[in-house]
Amino acid sequence: MKNHVLRPLWVAILLVIALLVARKLYVPADFGINGRNFTYGYYRKASVNDWKEFKVKYKGRQYCKECHEENFDSISKSKHRIIQCENCHGPAIDHPDNPEALEIDRSRGLCLRCHADLPYPGSHRNDLPAIDPEEHNPDKACADCHNPHKPDLEG
Amino acid sequence: MKCSRRNFLKKSLSGAVAAGLPLAAFKFLSPREAHAAVKEANLRWAFIVDTRKCVGCGLCVKACKKENEIPYDVPLTRTWIERYIVTKDGKTTIDTPKGGRDGFTSKKVRGEEIPDDQITKAFFVPKLCNQCDNPACVQVCPVGATYQTADGVTLVDRKWCIGCGYCIMACPYGARFFHPVYRVAEKCTFCYHRIKKGMKTACVDACPFGARQIGNIKDINDPVAHTILTERVAVLKDEYGTKPQVFYLGLDERVR
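Taken in order, these protein sequences are the chains called A and B. Take the first sequence: its position 141, counted from the start at 1, is 141 in the numbering used here, and no numbers get skipped. Take the second sequence: its position 66, counted from the start at 1, is 66 in the numbering used here, and no numbers get skipped.
Check the hints yourself; a few may be wrong.
What the hints assert, rightly or not - Here are the simulated BS3-like pairs of lysine-lysine, each with C-alpha atoms no more than 30 Å apart in a straight line:
#  : chain 1 : residue 1 : chain 2 : residue 2
1  : B       : Lys121    : A       : Lys79
2  : A       : Lys59     : B       : Lys121
3  : B       : Lys53     : A       : Lys150
4  : A       : Lys52     : B       : Lys98
5  : A       : Lys55     : B       : Lys66
6  : B       : Lys218    : A       : Lys45
7  : B       : Lys91     : A       : Lys59
8  : B       : Lys197    : A       : Lys55
9  : B       : Lys243    : B       : Lys98
10 : B       : Lys200    : A       : Lys77
11 : B       : Lys218    : A       : Lys77
12 : B       : Lys66     : A       : Lys79
13 : B       : Lys107    : A       : Lys150
14 : B       : Lys91     : B       : Lys10
15 : B       : Lys121    : A       : Lys52
16 : A       : Lys57     : B       : Lys218
17 : B       : Lys66     : A       : Lys150
18 : A       : Lys52     : B       : Lys107
19 : A       : Lys45     : B       : Lys108
In case anyone wonders, no lab produced these hints; they're calculated from the structure.
Whole structure, please, built from the sequences with the hints as guidance.
The following block contains the structure:
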């Protein structure tokens, strides 16, 4: 039918169909609000799996204990038992396969994180044994005198 | 209409049934409430930060950066520690060198040393994404790349994010930043890959003093839920209405 009203109408309908087809093709299947409203509910389910599959690097002290029970026991008796192995020895990822990958931190800076003197009233920092790093043997490594697994000099 | 015996009995019977129906039967459940009624949905991650226990060692920041592959020498962090020093003249000095990655080992605050006798109190406050119930960052995302999971963690889809930075501006806590490698918005994920495997987050594991805890706020037997219920906890910037799910113990009014 030739009609100056219907012709643009067909064009408009075709455009809408083209838009719907394009939308169907380009919007990922997992895109949706899934349970909440449009304000807060954008939800991409496939991305949740991406995050779940992210690689774990820090394995925890029980993992270290499986092979290094001696070291685990020695530190368990000291005040440093609250510190995880990997805080000083580096993340255990790939360690059994490639022992060199472990980056052990032996720097003074590591010990000073807790033991540099900061006399702050009201802070738990105040309760820890502390030294002034500029006066307390500044050119020596801490581990020269203090065993990190047995930090009390007497023990 | 004639009031026959049959009609009268019918009407009064239906009237009695209607009166007997509880009002609750007519209540519409929001999708969230219906979802929560399903047992598997009874999980909502929440975090506790005990500022009284923090000593500012920064081991949490170090562990977080390594665990989550945030470039180590770039001053960007998912979690960070702030140092607050209150002096006798009523001033508060705040700093966070490298986000506290190397701990606080010097009395110097931005190059200046505050004399010990001038300090009335000083403390450390660890911060991280608050995993808000009403996340402003999700609301502003123009492409729907950031979203809240069913268990309450706000994540970013790196494949979908266009890096416009709206969410970085919208977060009242400054918890988001731009990832220099992936070139998308980046934020704390509550170590989603770890908590989903039954582990704790890297920062919780790294903290020697137990200043950080993570748990399920919907489980009454969870120690974290118990602490939030029974102790005096505070949240940051409550007035923004974002309903943050990181709760602080021993929070000072100066902490913003």
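To see whether the hints hold, each was checked on the structure:
1. Simply put, Lys121 (chain B) and Lys79 (chain A) have alpha-carbon atoms about 27 Å apart, close enough for the 30 Å limit, and the pair holds.
2. Proposed proximity of Lys59 (chain A) and Lys121 (chain B) is contradicted: the alpha carbons are some 37 Å apart, above 30 Å.
3. Proposed proximity of Lys53 (chain B) and Lys150 (chain A) is supported: the alpha carbons are some 23 Å apart, at most 30 Å.
4. Annotation: proposed proximity of Lys52 (chain A) to Lys98 (chain B) holds, straight-line Cα distance about 28 Å (limit 30 Å).
5. As the CA atoms of Lys55 (chain A) and Lys66 (chain B) are separated by approximately 11 Å, the hinted pair is consistent with the 30 Å bound.
6. The hinted pair formed by Lys218 (chain B) and Lys45 (chain A) meets the criterion: a straight-line CA distance of about 22 Å does not exceed 30 Å.
7. The straight-line distance between the Cα atoms of Lys91 (chain B) and Lys59 (chain A) is roughly 42 Å, outside the 30 Å bound, and the hint therefore fails.
8. The straight-line distance between the Cα atoms of Lys197 (chain B) and Lys55 (chain A) is roughly 11 Å, inside the 30 Å bound, and the hint therefore holds.
9. Distance restraint check for Lys243 (chain B) and Lys98 (chain B): the Cα-Cα separation of roughly 28 Å lies within the 30 Å cut-off, and the hinted pair is therefore satisfied.
10. This hinted pair checks out: Lys200 (chain B) and Lys77 (chain A) have alpha carbons roughly 24 Å apart, not beyond 30 Å.
11. Proximity of Lys218 (chain B) to Lys77 (chain A) is assessed by CA-CA distance (about 37 Å); at most 30 Å being required, the pair is judged violated.
12. Pair hint Lys66 (chain B) plus Lys79 (chain A) holds up; C-alpha atoms about 26 Å apart against a cutoff of 30 Å.
13. For the hint pairing Lys107 (chain B) with Lys150 (chain A), the CA-to-CA distance comes to about 28 Å; that is within 30 Å, so the pair holds.
14. Restraint check: the Cα-Cα separation between Lys91 (chain B) and Lys10 (chain B) comes to about 79 Å, which exceeds 30 Å; the hinted pair is violated.
15. A hinted pair counts as satisfied when its Cα atoms are at most 30 Å apart, and Lys121 (chain B) with Lys52 (chain A) does not qualify at roughly 42 Å.
16. Note on Lys57 (chain A) and Lys218 (chain B): the hinted pairing holds, with a Cα-Cα distance of about 28 Å set against a maximum of 30 Å.
17. A distance of roughly 27 Å separates the Cα atoms of Lys66 (chain B) and Lys150 (chain A); the hinted pair therefore holds under the 30 Å criterion.
18. For the suggested pair Lys52 (chain A) and Lys107 (chain B), the alpha carbons sit about 41 Å apart, so the restraint of at most 30 Å is broken.
19. Among the hinted pairs, Lys45 (chain A) with Lys108 (chain B) is inconsistent with the structure: their alpha-carbon atoms are about 47 Å apart, more than 30 Å.
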